[in-house]
Amino acid sequence: MKWSAGERCAHPSTNGSNARRGAAKIHEDSTGSIYVVGVTSRPVVSADDALQCLRLGALSRTTASTDMNSQSSRSHAIFTLLDPDSDDEVQSDAVNEFETLTAKFHFVDLAGSERLKRTGATGERAREGISINCGLLALGNVISALGDKSKKALHIPYRDSKLTRLLQDSLGG
Numbered sequence: 004m005k006w007s008a009g010e011r012c013a014h015p016s017t018n019g020s021n022a023r024r025g026a027a028k029i030h031e032d033s034t035g036s037i038y039v040v041g042v043t044s045r046p047v048v049s050a051d052d053a054l055q056c057l058r059l060g061a062l063s064r065t066t067a068s069t070d071m072n073s074q075s076s077r078s079h080a081i082f083t084l085l086d087p088d089s090d091d092e093v094q095s096d097a098v099n100e101f102e103t104l105t106a107k108f109h110f111v112d113l114a115g116s117e118r119l120k121r122t123g124a125t126g127e128r129a130r131e132g133i134s135i136n137c138g139l140l141a142l143g144n145v146i147s148a149l150g151d152k153s154k155k156a157l158h159i160p161y162r163d164s165k166l167t168r169l170l171q172d173s174l175g176g
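For the sequence shown, the numbering used here puts the final residue at 176, and the numbers step up evenly by one.
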């Protein structure tokens with residue numbers, strides 16, 4: 004099993020271990036699977052390992068004080084467990100071709116929406132708040148588009164934010 008953690012901040016992502024911002028990059032492989040380069044990733048062999056990684060990721064999240072909260076999350080956080088099950092290979096229609104099944108679990112902690120006027124945020128805090136709101140808006144737009152049966156064949160705006168792009172395969176895309 005493999006664990007990875009990422010934090011979606013006001014600027015490009017950081018890797019959850021206080022490394023330089025902008026290190027995380029979202030890519031898509033030839034099969035359409037989304038993956039991230041530049042995030043903390045490590046193998047886990049037990050539930051205790053996974054919980055320890057989750058704790059470390061939570062402790063390294065970006066927080067700051069605003070007029071509304073003394074410790075406000077300044078990002079959305081995504082913790083992902085991947086379990087490639089190489090023992091249970093499924094034979095495809097073609098002869099001698101096998102498909103490896105992979106389970107993916109996203110644990111997502113969304114930062115709350117912010118009204119700049121109420122938080123008193125300025126400068127960097129204001130930019131973070133705007134980014135938080137943009138990610139939440141994009142997520143709402145994707146969920147709305149997925150739930151609108153009358154527009155089922157229309158475009159789903161996964162690429163409108165890094166948050167929705169990272170969660171695309173879990174949201175239905």
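Accuracy of the hints is not assured; some may be wrong.
[Unchecked claim] List time: in silico SDA-like cross-link candidates among lysine to any residue, alpha-carbon distance up to 25 Å: (1) 107 with 153; (2) 28 with 123; (3) 107 with 44; (4) 152 with 172; (5) 107 with 122; (6) 120 with 65; (7) 120 with 174; (8) 107 with 174; (9) 152 with 171; (10) 120 with 76.
[What the hints assert, rightly or not] Label-pair ranges, simulated between beta-carbon atoms: (11) 118 with 49: 38 to 48 Å; (12) 31 with 147: 20 to 30 Å; (13) 51 with 151: 18 to 28 Å; (14) 73 with 35: 14 to 24 Å; (15) 49 with 119: 41 to 51 Å; (16) 49 with 73: 13 to 23 Å; (17) 104 with 129: 21 to 31 Å; (18) 109 with 150: 18 to 28 Å; (19) 149 with 62: 29 to 39 Å; (20) 111 with 68: 18 to 28 Å.
If you're looking for bench data, these hints aren't it; they were derived computationally from the structure.
All C-beta atoms, glycine included, are put in the ideal place defined by N, C-alpha and C.
Hint check results:
1. 107 with 153: Status violated; Cα separation ~30 Å.
2. 28 with 123: 31 Å, violated
3. 107 with 44: At roughly 14 Å apart (the allowed maximum being 25 Å), residue 44 and residue 107 satisfy the hint.
4. 152 with 172: Holds, because 19 Å separates the two Cα atoms, which is no more than 25 Å.
5. 107 with 122: Violated - the C-alpha atoms of residue 122 and residue 107 are around 36 Å apart, more than 25 Å.
6. 120 with 65: Holds, because 21 Å separates the two Cα atoms, which is no more than 25 Å.
7. 120 with 174: 32 Å, violated
8. 107 with 174: Holds, at about 12 Å.
9. 152 with 171: 18 Å, holds
10. 120 with 76: Holds. Residue 120 to residue 76 sits at ~17 Å (cutoff 25 Å).
11. 118 with 49: 38 to 48 Å: Holds, since residue 118 and residue 49 (Cβ atoms, about 43 Å apart) stay within the stated range.
12. 31 with 147: 20 to 30 Å: 23 Å, holds
13. 51 with 151: 18 to 28 Å: At roughly 43 Å between Cβ atoms, residue 151 and residue 51 fall outside 18 to 28 Å, so the hint is violated.
14. 73 with 35: 14 to 24 Å: Once the Cβ atoms are compared, 43 Å apart, the range 14 to 24 Å for residue 35 and residue 73 is violated.
15. 49 with 119: 41 to 51 Å: 44 Å, holds
16. 49 with 73: 13 to 23 Å: Once the Cβ atoms are compared, 35 Å apart, the range 13 to 23 Å for residue 73 and residue 49 is violated.
17. 104 with 129: 21 to 31 Å: 44 Å, violated
18. 109 with 150: 18 to 28 Å: 19 Å, holds
19. 149 with 62: 29 to 39 Å: This hint holds: roughly 33 Å between Cβ atoms.
20. 111 with 68: 18 to 28 Å: About 24 Å separates the Cβ atoms of residue 111 and residue 68, which means 18 to 28 Å holds.
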